[in-house]
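Undergrad: Counting in the numbering used here, the sequence shown runs from 76 upward without gaps.
Hints listed in this document are in silico derivations from the structure and should not be mistaken for laboratory results. Cβ coordinates follow ideal geometry from the N, Cα and C atoms, glycine included. You may find that some hints are simply not true.
For lysine-lysine, the following DSS-like pairs were computed, each having C-alpha atoms within a straight-line distance of at most 27 Å [said to hold, decoys possible]:
| no. | residue 1 | residue 2 |
| --- | --- | --- |
| 1 | Lys323 | Lys79 |
| 2 | Lys252 | Lys308 |
| 3 | Lys252 | Lys312 |
| 4 | Lys106 | Lys79 |
Pair by pair, the computed Cβ-Cβ distance ranges are [as the list claims (entries may be wrong)]:
| no. | residue 1 | residue 2 | range |
| --- | --- | --- | --- |
| 5 | Ile327 | Lys353 | 23 to 31 Å |
| 6 | Ser118 | Leu228 | 20 to 28 Å |
| 7 | Val397 | Val289 | 21 to 29 Å |
| 8 | Asn238 | Lys117 | 29 to 37 Å |
| 9 | Lys106 | Val145 | 46 to 54 Å |
| 10 | Lys104 | Val145 | 24 to 32 Å |
| 11 | Glu348 | Ile274 | 51 to 59 Å |
| 12 | Thr223 | Glu348 | 18 to 26 Å |
| 13 | Leu228 | Asn248 | 15 to 23 Å |
| 14 | Lys354 | Pro146 | 51 to 59 Å |
| 15 | Lys117 | Pro340 | 35 to 43 Å |
| 16 | Ile103 | Val397 | 35 to 43 Å |
| 17 | Tyr111 | Thr223 | 26 to 34 Å |
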Amino acid sequence: MQKKLSVLMLLGFVLSIPFAKFFPELTIKSKFLGNYFIYLLKSFVPFLIFGTITFSIASFESGSKLKKIVPLTLLFYITSTLIAIIYALSIASNINFAPDQNLNIGASLVQTDSLSLKSSVSIIAIDFSNFFSLILDGNPIAIMILSTILGLLLRVRFSYQRNILNFFSYINNLVIKITNYLMLLAPVAIFSLFSNLLIDIDNDLLFSLLRFVVICIFVFLIYMFFFYGLIIKYFVKYSPIKFFLLIKDTLIFAFFSSSSAATMPLTLRTAEEKLKIKKEISSFVVPIGTTVNMDGSAIYLGLSAVFMAQLLNLNLSIDQYVIISLTATIGSIGAAGVPSVALVMMTIVFSSIGIPIEAIAIIAGVDRLLDMFRTSINVAGDLTISKLVDTISRN
């Protein structure tokens, strides 16, 4: 179903171009379809963040043999995701995605209530009345903080713990199921939103979008082979060339399936049979990586945020760069099981820095192509961290 949906999203993107050109009046009338989709997505995103992060933290369990490597594994995954987003932002901030162009595609749409680091972090920590006000307003950072705290509290054993966990499990599954059904409307929404964008813009945007795709692919490949290669060479003391040759079949499968979860059986087999990683290590590290390792998505979110800010003629501040890093890193921890996770996470990142989430329609059409590269990076990261943890455990 997810593969068909991705194809339909791409089809909606492609068909929107001639439709906007030949039927401009119908295009304008169809705008309400995209607007309703955005409204529904905005409504469910806070519940999605709250449910997935709370439940994933509260329900996490580890066997006694692996308790010593649990903190180490999580530290490696979270650190690598944070490095990925910083890497992406450092490159994106020095790239002009729209050279010699003035693509003011809708500055009037930019939200004036974008967060600053002070208002979203410092004030939250001090003023609890403001904190709960931010939660009621759907502030993504406030919701992430609350869900993380609640998830940690629910790990403390008490008489009704299991009942409460079951309740959160039910809510989490319900929200994910509703989001699944909601995402079925994405192809129509993309068709509506992007065709309306084309009414007001010229071919410069299409050129910039193509440039964005090429830059994303280049940045993806550099990160995978350079960053993971350095870890393998200097920390694992293993040949990076041999490592990538051994995992190439797994990466190819991940590329075409666009699913870390679907690739996981092959990832486990590759880890144990080709990389000679101990089963007790791979059987823990790989599934955790499938859940929390979002290096590819982190890079994508960072590049997308800067790309869209440039199109809207926004100058991102240092505070906003920090907010992008925090939302992309923390949000990815609870993103398992969420359909089209990068697009959903993009709504969180964009809203946090004042970019209207309607702008996602510009990128959504090429999301399927870039998702193939993101998944390959995520799987390569799972195998890299597994090999690293295995090496440390042996020593």
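Undergrad: The structure should be examined with respect to each hint, and the outcome stated for every one.
TA: Evaluation of the provided hints:
| no. | hint | result |
| --- | --- | --- |
| 1 | Lys323 / Lys79 | 25 Å, holds |
| 2 | Lys252 / Lys308 | 42 Å, violated |
| 3 | Lys252 / Lys312 | 44 Å, violated |
| 4 | Lys106 / Lys79 | 24 Å, holds |
| 5 | Ile327 / Lys353: 23 to 31 Å | 25 Å, holds |
| 6 | Ser118 / Leu228: 20 to 28 Å | 26 Å, holds |
| 7 | Val397 / Val289: 21 to 29 Å | 28 Å, holds |
| 8 | Asn238 / Lys117: 29 to 37 Å | 31 Å, holds |
| 9 | Lys106 / Val145: 46 to 54 Å | 49 Å, holds |
| 10 | Lys104 / Val145: 24 to 32 Å | 55 Å, violated |
| 11 | Glu348 / Ile274: 51 to 59 Å | 55 Å, holds |
| 12 | Thr223 / Glu348: 18 to 26 Å | 37 Å, violated |
| 13 | Leu228 / Asn248: 15 to 23 Å | 21 Å, holds |
| 14 | Lys354 / Pro146: 51 to 59 Å | 21 Å, violated |
| 15 | Lys117 / Pro340: 35 to 43 Å | 36 Å, holds |
| 16 | Ile103 / Val397: 35 to 43 Å | 39 Å, holds |
| 17 | Tyr111 / Thr223: 26 to 34 Å | 32 Å, holds |
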